[in-house]
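Kindly produce the complete structure, drawing on both the sequences and the hints.
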Amino acid sequence: MTRLAPKHQRLILAAVALLALTGAGLGGAYALRSQASYFYLPAQMLADPPASDRSVRLGGMVEAGSIQKQADGVTIAFTVTDQHGARVPVRYAGIVPDLFVENSGVVAEGRLLPGGVFEADNLLAKHDENYVPRELQDMHKEQGGAALVTGGPQT
Amino acid sequence: MHGFANPRRFLRLARWLTPATLITGLVLAGGAFVWGLTQVPPDRLLGETVRIMFVHVPAAWLGMGGWLGLTSAGIALLVWRHPLAAIAGRAIALPGLVFTVICLVTGSIWGRPSWGTWWEWDGRLTSMLVLAFLYLGYIALSDAYAKAGTTMRVPAIFAIVGAVNLPIINRSVVWWNSLHQPASITVGKNAIDGAYLAPLLVAAVGCACLFAAATLMRMRALLAEAQMDARLRRQALEAAPTLLREHA
Numbered sequence: 001m002t003r004l005a006p007k008h009q010r011l012i013l014a015a016v017a018l019l020a021l022t023g024a025g026l027g028g029a030y031a032l033r034s035q036a037s038y039f040y041l042p043a044q045m046l047a048d049p050p051a052s053d054r055s056v057r058l059g060g061m062v063e064a065g066s067i068q069k070q071a072d073g074v075t076i077a078f079t080v081t082d083q084h085g086a087r088v089p090v091r092y093a094g095i096v097p098d099l100f101v102e103n104s105g106v107v108a109e110g111r112l113l114p115g116g117v118f119e120a121d122n123l124l125a126k127h128d129e130n131y132v133p134r135e136l137q138d139m140h141k142e143q144g145g146a147a148l149v150t151g152g153p154q155t
Numbered sequence: 001m002h003g004f005a006n007p008r009r010f011l012r013l014a015r016w017l018t019p020a021t022l023i024t025g026l027v028l029a030g031g032a033f034v035w036g037l038t039q040v041p042p043d044r045l046l047g048e049t050v051r052i053m054f055v056h057v058p059a060a061w062l063g064m065g066g067w068l069g070l071t072s073a074g075i076a077l078l079v080w081r082h083p084l085a086a087i088a089g090r091a092i093a094l095p096g097l098v099f100t101v102i103c104l105v106t107g108s109i110w111g112r113p114s115w116g117t118w119w120e121w122d123g124r125l126t127s128m129l130v131l132a133f134l135y136l137g138y139i140a141l142s143d144a145y146a147k148a149g150t151t152m153r154v155p156a157i158f159a160i161v162g163a164v165n166l167p168i169i170n171r172s173v174v175w176w177n178s179l180h181q182p183a184s185i186t187v188g189k190n191a192i193d194g195a196y197l198a199p200l201l202v203a204a205v206g207c208a209c210l211f212a213a214a215t216l217m218r219m220r221a222l223l224a225e226a227q228m229d230a231r232l233r234r235q236a237l238e239a240a241p242t243l244l245r246e247h248a
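Those sequence lines, one after another, are chains A and B.
The opening position of the first sequence corresponds to residue 1 in this note's numbering, with each subsequent residue numbered one higher.
The opening position of the second sequence corresponds to residue 1 in this note's numbering, with each subsequent residue numbered one higher.
Honestly, the hints are just simulated from the structure, not real lab data.
Please read all numbers here as calculations on a predicted model, not as lab measurements.
Virtual Cβ for every residue (Gly too), placed ideally from N, Cα, C.
Warning: the hint list may mix true and false statements.
[What the hints assert, rightly or not] To give an idea of the chain B side of the interface with chain A (calculated C-beta under 7 Å), a few residues:
hint, residue
1, P41
2, L179
3, Q181
[Said to hold, decoys possible] Calculated pairs, SDA-like style, for lysine to any residue (alpha carbon to alpha carbon, straight line, at most 20 Å):
hint, chain 1, residue 1, chain 2, residue 2
4, A, K69, A, G94
5, B, K189, A, P133
6, B, K189, A, E129
This is the structure we're talking about:
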């Protein structure tokens, strides 16, 4: 067997080290996907409901036509849904962020009450990956085309 | 690459490349920022705040690209013992940190009106903050080794180990439920309208030129510093016997 030049030995060592490290990072990140997640999807929350005294986050899409203003004027009720079709009703009293609209992403911080209603004490809006000027969006609507990539929450 | 093992040849190239990248970068980035601030229509949801993208996204790319540069310099140092690798690493680290901090700050300013929060311990945000801390660690480590005058092998290993964070930043919005949206531009897919994409790409190229200019300037400064140190040391050695004789 011929011996490799020291330079090539070092090159192979560095390549193996780099591969092992990035592989370890990717593997670790992949293994953490349920722990490092920032929120529960509705399907995850329904499958394994958190205790009602635990503060958790619920994230998903605001269901179309589900936002209802309550009689007191500050409380709103809406439904968070995901691509699996799971739905969780949410109640929130306070100021909503600008991006909080129907058919858009939302992250609610709060607790899941025993009745199955999620009581939020903070709402964060989630933006999707699409960037479209207002005028163009209207144009898409007029044409009735779904030219936008509809970005759902990633699982 | 090995043609530049001779610092003099590198310096000859850097002498004209520095002003070239600096001027190109200033023109492209400045033009793209003005373009993005004044000529681009508001986004359907984000409204006027979409203009932050033209600073935020190039800064994020270059913050990560800078660490890729540190890793390459580290490998060049460890494998080929390239004489310029240590200086390149030290030169890249500071602009890399600056772009990472710009990304974090503009992201925070963007997050307040759009998401409703300045900061959340979300996977993408946290891994990007870790990148900033890695840069700080690399700068402290390489400065200490440079001051001691020993080999720069430990900072190079640190740079390679730190590269573990890059795939985590990339996957953080795909594998973990995150507040930050997934990437708009991936292989074979683009979800950014042309009205935003054009100034974004020009801004990215411009900022990359500015990154290159800053790196070249720092490399020249570090080489000059090393040269000055060597000259002072030589002078001290030459002066030493005379001094001894005078004291005798």
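Results of checking the hints against the structure:
no., hint, result
1, P41, "holds, 4 Å"
2, L179, "holds, 5 Å"
3, Q181, "holds, 5 Å"
4, K69/A - G94/A, "holds, 11 Å"
5, K189/B - P133/A, "holds, 18 Å"
6, K189/B - E129/A, "holds, 11 Å"
Against the hints set out earlier in the document, no violation occurs for any number.
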